[in-house]
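Protein chains: 2
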Amino acid sequence: MTRWLDEEEQAAWRAFYSSTTLLIDRLDRELQHDAGMPHAYYEILVVLSESQGRSLRMSELAIKTRSSRSRLSHAVTKLEARGWVKRRDCDDDKRGQFADLTEEGFAALEAAAPGHVETVRTHLFDPLTPQQVEQLKQISDAINASLKS
Amino acid sequence: MTRWLDEEEQAAWRAFYSSTTLLIDRLDRELQHDAGMPHAYYEILVVLSESQGRSLRMSELAIKTRSSRSRLSHAVTKLEARGWVKRRDCDDDKRGQFADLTEEGFAALEAAAPGHVETVRTHLFDPLTPQQVEQLKQISDAINASLKS
Chain A
1471 MTRWLDEEEQ
1481 AAWRAFYSST
1491 TLLIDRLDRE
1501 LQHDAGMPHA
1511 YYEILVVLSE
1521 SQGRSLRMSE
1531 LAIKTRSSRS
1541 RLSHAVTKLE
1551 ARGWVKRRDC
1561 DDDKRGQFAD
1571 LTEEGFAALE
1581 AAAPGHVETV
1591 RTHLFDPLTP
1601 QQVEQLKQIS
1611 DAINASLKS
Chain B
1471 MTRWLDEEEQ
1481 AAWRAFYSST
1491 TLLIDRLDRE
1501 LQHDAGMPHA
1511 YYEILVVLSE
1521 SQGRSLRMSE
1531 LAIKTRSSRS
1541 RLSHAVTKLE
1551 ARGWVKRRDC
1561 DDDKRGQFAD
1571 LTEEGFAALE
1581 AAAPGHVETV
1591 RTHLFDPLTP
1601 QQVEQLKQIS
1611 DAINASLKS
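From first to last, the protein sequence lines stand for chains A and B.
Counting from 1 along the first sequence, just add 1470 to a position and that's the residue number in our numbering.
Counting from 1 along the second sequence, just add 1470 to a position and that's the residue number in our numbering.
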């Protein structure tokens, strides 16, 4: 039997869905406008910049960006065309490949970061109290755990 | 000067971004698999089903689904091809158009709803306490207000 949402759950779900899609759209639009990249590319650059030697195995990069292999491969091809990322074969694993962040890619990330962080702060943190930020972290962790299990 | 995120804000933002993108991806995949439609189409059908006469002016439908006119028009063309929605010219406004939900569209929505609601319940409400649901509603309202202002 379907466990339908009651009125309060319906209201919470709609507010949550609307706020997240609006926020993600806004981040995407502003990054595209200011830095010429969608948020998905920005996230790949961030993950690589934080990895040892600014380099990561493609399979790990896919996990860390919650991306399918094919979607990631498509994005990395675009990033390679801009000179921001370079793919490199693994020495010890003929099937594996690494993605390396280039100097140009790191510079593009550094240029994009201030505007992006400002958007996140303006639309996520400024409207919330510190207590709500903590609540949001716990709520998000619980949802994440459910989706990953 | 950039107002960078501190460690806690960074952690909250990453958990929030990861949980929302994972959840939206999951909803999209399950609706696509079970009902042959992405979540964006489902939302259009829901909004029409709740409108008077199951019909809405295209411009209002765009606002209610937080969609650009061109993105909505593209989706409605696809929904028309399935016989789920029909566009109709306004009698009193030559430039305006209505989108009407058809009987087939309403039936498609009814068939898709139980599975979709179950996914939302499993991954959003089951992992949260009632108090967290209330917190999430308030947090989402605050983010929405910031994005709409």
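Worth flagging that the hints you see were computed from the coordinates, not collected in a lab.
Here the structure is a predicted model, which is why all the values come from computation and not from measurement.
Just to be clear, a hint being listed does not mean it is correct.
Treat identical chains as interchangeable: a pair holds within one or across any two.
What the hints assert, rightly or not - Below, in silico cross-link-like pairs of lysine to any residue (SDA-like), each with a Cα-Cα straight-line distance of 25 Å or less:
1) Lys1618 to Glu1580
2) Lys1534 to Glu1520
3) Lys1607 to Ala1532
4) Lys1618 to Glu1520
5) Lys1534 to Val1516
6) Lys1548 to Pro1600
7) Lys1607 to Arg1541
8) Lys1618 to Gln1502
These are the hints, each one checked on the structure:
1. Proximity of Lys1618 and Glu1580 under a CA criterion of 25 Å is satisfied in neither setting, with 31 Å inside one chain copy and 29 Å between copies.
2. Taking the closest pair of Cα atoms, Lys1534 and Glu1520 come within 25 Å of each other only inside a single copy of the chain (11 Å); across copies the shortest separation is 39 Å, beyond that limit.
3. In the homo-oligomer, the alpha carbons of Lys1607 and Ala1532 lie at most 25 Å apart inside one protomer (23 Å), although the nearest pairing across protomers, at 31 Å, exceeds that limit.
4. Proximity of Lys1618 to Glu1520 under the C-alpha cut-off of 25 Å is restricted to the intra-copy arrangement: shortest distance 23 Å within a copy versus 33 Å between copies.
5. Proximity of Lys1534 to Val1516 under the C-alpha cut-off of 25 Å is restricted to the intra-copy arrangement: shortest distance 11 Å within a copy versus 34 Å between copies.
6. When the C-alpha separation of Lys1548 and Pro1600 is checked against a cutoff of 25 Å, the pair qualifies neither within a copy, at 38 Å, nor between copies, at 44 Å.
7. Taking the shortest alpha-carbon separations for Lys1607 and Arg1541, neither the intra-copy value of 27 Å nor the inter-copy value of 32 Å comes in at or below 25 Å.
8. In the homo-oligomer, the alpha carbons of Lys1618 and Gln1502 lie at most 25 Å apart only across protomers (20 Å), although the nearest pairing inside one protomer, at 30 Å, exceeds that limit.
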